[in-house]
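Number of protein chains: 2
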Amino acid sequence: MFGVTILGNNSALPAYNRHPTAQVITLNNHLFLVDCGEGTQMQMSLYKIKRSRIHHIFISHLHGDHYFGLPGLLTSYGLMSRTQELHLYAPSALKEILDFILNVSATTLPYELIFHPLENSSLLIDENDFSVESFEVFHRIDCWGFLFREKRKLRKINADVTAAYNIPVDSFERLKNGEDFIQNDGTIVPNNVLTIANKPSRAYAFAADTIYNENVAAIVKHADVLYHEATYLKEKTDKAASRFHSTSEQAARIAKLAHVKKLLIGHFSSTYEVLDDFLVEAKEIFPNTQLALEGQTFIIN
Amino acid sequence: MFGVTILGNNSALPAYNRHPTAQVITLNNHLFLVDCGEGTQMQMSLYKIKRSRIHHIFISHLHGDHYFGLPGLLTSYGLMSRTQELHLYAPSALKEILDFILNVSATTLPYELIFHPLENSSLLIDENDFSVESFEVFHRIDCWGFLFREKRKLRKINADVTAAYNIPVDSFERLKNGEDFIQNDGTIVPNNVLTIANKPSRAYAFAADTIYNENVAAIVKHADVLYHEATYLKEKTDKAASRFHSTSEQAARIAKLAHVKKLLIGHFSSTYEVLDDFLVEAKEIFPNTQLALEGQTFIIN
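Just so you know, the sequences run in chain order A and B.
FYI, numbering that gives the first Met the number 0 numbers position 156 of the first sequence as 155, with every residue one higher than the one before it.
FYI, numbering that gives the first Met the number 0 numbers position 247 of the second sequence as 246, with every residue one higher than the one before it.
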């Protein structure tokens, strides 16, 4: 399972029961929280997110609609007697804010909160089965996107063929990694005869809050699913630019340039009660677009 | 109209769709916000509170469940282009937190936020028609209760009697203030012949988070409505004390000692899904008790 569940899809001013930005990414048995707007812990309860399984939280930038729910979530973890360590990736000033808040409330968290300041585009996590990278986007203050990748999957052994060639089991790991097999007489059995390609690895890109910038497309190239903000419709292209935000049309243009498979749009301005036009506008340029609706889980495949 | 609308009645860990502490007090045409737990601005939308009419916010203490909704509310006011000044009464460290948060987000509020640090029990506001006092309660960190009083109402002119005595209109203000009238021949017409008593002034006391302490009863004596926290049932009296909280029974004992007219209880622990026992327990000692249920408005009279 690789998917993203939307907990908040609105821009800064909550409206029409839409909430500020928060998403939970599920990758195999890992849960990641990306951004944590006010009310995220309540949204987690509503949508049955197993919050105790989250060990990594990523905060894109320090506009409040992307992190004002974090102090509450962190203290709630404490009240729930969490002991497992929690990794937080965020702009460095957030550590000072959290330290100050915990200090004035005389609170000591019963778990270790490990803070990783976001500084340059970099590989944040590199595990056996997944990796997470940060990348710079273009907003009014420092802002980061995140790229979640499944690790390259090993090829599968074609058991009938390996039996026919009488290939010893202790060679299988090398075959899965793509090596050819050299027989005792020196002849080579090509890897693609002995193994079958696995499903390709998948990637999810969260492009945070950003003005239209084609560098984003270069970075998220070929992602399976791209989340790109679409705060306004194209009728407000100038306003979008002045606030370092994007329109729905611009999000679609990035998706098209990047050759992603699917585009999710969100961070809708409270100006708009009905969201249909966002979808119409984006689909004209990039047909496989969906609205990042709250409570919905989008499978990445 | 003098009433209190409950926006959040749960203790720190949100549960069962109950929210952290927040209340809106309406007094004539004034709206006051007391505490501002995470999600308060969404609760305001849900319960149709006219947030733009709030000019005074009171924060009892710096445990997050009493103010983590404040940064979001203040920035939302900015996004709504508020220009009217806003008075904030809170422990002094909150100013540092807010300044830091606004600074890292490069946000300048378009309205004046006037910060009043809470230091000693004192008269915070003294207007013609109402006053607000802070008083110390007894919690793990510095914590304040608030007493909202209607100002003493003037007596009403008994028009038939003043006409019969031929009393000039320019004496009416003095009569309303309770003075007797001295006729030209030196005889005195007693005030209570010429005027009628108005309804008595009313008071609402918000006792914040506190351990059982009879000093609170002395301070809130004769309030029309007392809100007192009741985090636990009496079966957890020891736990309540160890966390500087109260039980439902203890809240009722304070209400009885203080001779208030009505008791509201709230700040329920997330241990309890059903709240019926809180009411049963309190009513044994103080029959006129009600649960501070979210969305409900309690008239103070």
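If you are wondering where the hints come from, they were derived from the structure by calculation, not from laboratory data.
Hints are not guaranteed to be accurate.
[Stated by the list, open to error] For lysine-lysine, the following DSSO-like pairs were computed, each having C-alpha atoms within a straight-line distance of at most 30 Å:
#: 1; chain 1: A; residue 1: 198; chain 2: A; residue 2: 155
#: 2; chain 1: A; residue 1: 235; chain 2: B; residue 2: 49
#: 3; chain 1: B; residue 1: 49; chain 2: A; residue 2: 238
#: 4; chain 1: A; residue 1: 238; chain 2: A; residue 2: 49
#: 5; chain 1: A; residue 1: 47; chain 2: B; residue 2: 47
#: 6; chain 1: A; residue 1: 49; chain 2: B; residue 2: 235
Right, here's what the structure says about each hint:
no.	hint	result
1	A:198 - A:155	holds (10 Å)
2	A:235 - B:49	holds (28 Å)
3	B:49 - A:238	holds (28 Å)
4	A:238 - A:49	violated (38 Å)
5	A:47 - B:47	holds (27 Å)
6	A:49 - B:235	holds (28 Å)
This entry does not satisfy hint 4, going by the numbered hints stated previously; all others are met.
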